Amino acid sequence: MKHAQSALDRFCVSLVAQMKADSLVDEKLDDRLEGARLHALLDGLTLQLLNDSSKKNQSFAEAVLRCHMATLVP
1 MKHAQSALDR FCVSLVAQMK ADSLVDEKLD DRLEGARLHA LLDGLTLQLL NDSSKKNQSF
61 AEAVLRCHMA TLVP
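Numbering of the sequence shown is given in this note's numbering, commencing with residue 1 and proceeding in unit increments.
Hints are computed from structural coordinates only; laboratory data are not their basis. Take the hints with a grain of salt, since some may be wrong.
Result set (EDC-like, lysine to aspartate or glutamate): computed pairs, CA atoms no more than 20 Å apart in a straight line [unchecked claim]:
hint, residue 1, residue 2
1, K20, D31
2, K28, D43
3, K2, D43
4, K56, D43
5, K20, D30
6, K55, D43
These numbers were taken from a predicted model, which means no experiment stands behind them.
Construct the complete structure from the given sequences, taking the supplied hints into account.
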């Protein structure tokens with residue numbers, strides 16, 4: 001489990017860094033901080049979906065993720 005969490009952490013940090021490099025998000029963002037925020041959000045949404053994987057809840061989780069990513073746009 002620890003290995004999976006570590007891999008997800010690295011993925012989230014590298015995703016933010018790549019989005020910055022592609023000018024998709026504010027270049028002033030801290031890769032580690034925003035990666036950690038994204039990781040925490042994904043962990044929470046995953047737990048929510050494990051508890052209730054209904055289509056309605058899936059749509060809600062996707063909307064939350066889209067909303068979060070939109071806050072990173074300059």
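Checked hints:
no.	hint	in the structure
1	K20 with D31	holds (9 Å)
2	K28 with D43	violated (25 Å)
3	K2 with D43	holds (13 Å)
4	K56 with D43	holds (19 Å)
5	K20 with D30	holds (10 Å)
6	K55 with D43	holds (19 Å)
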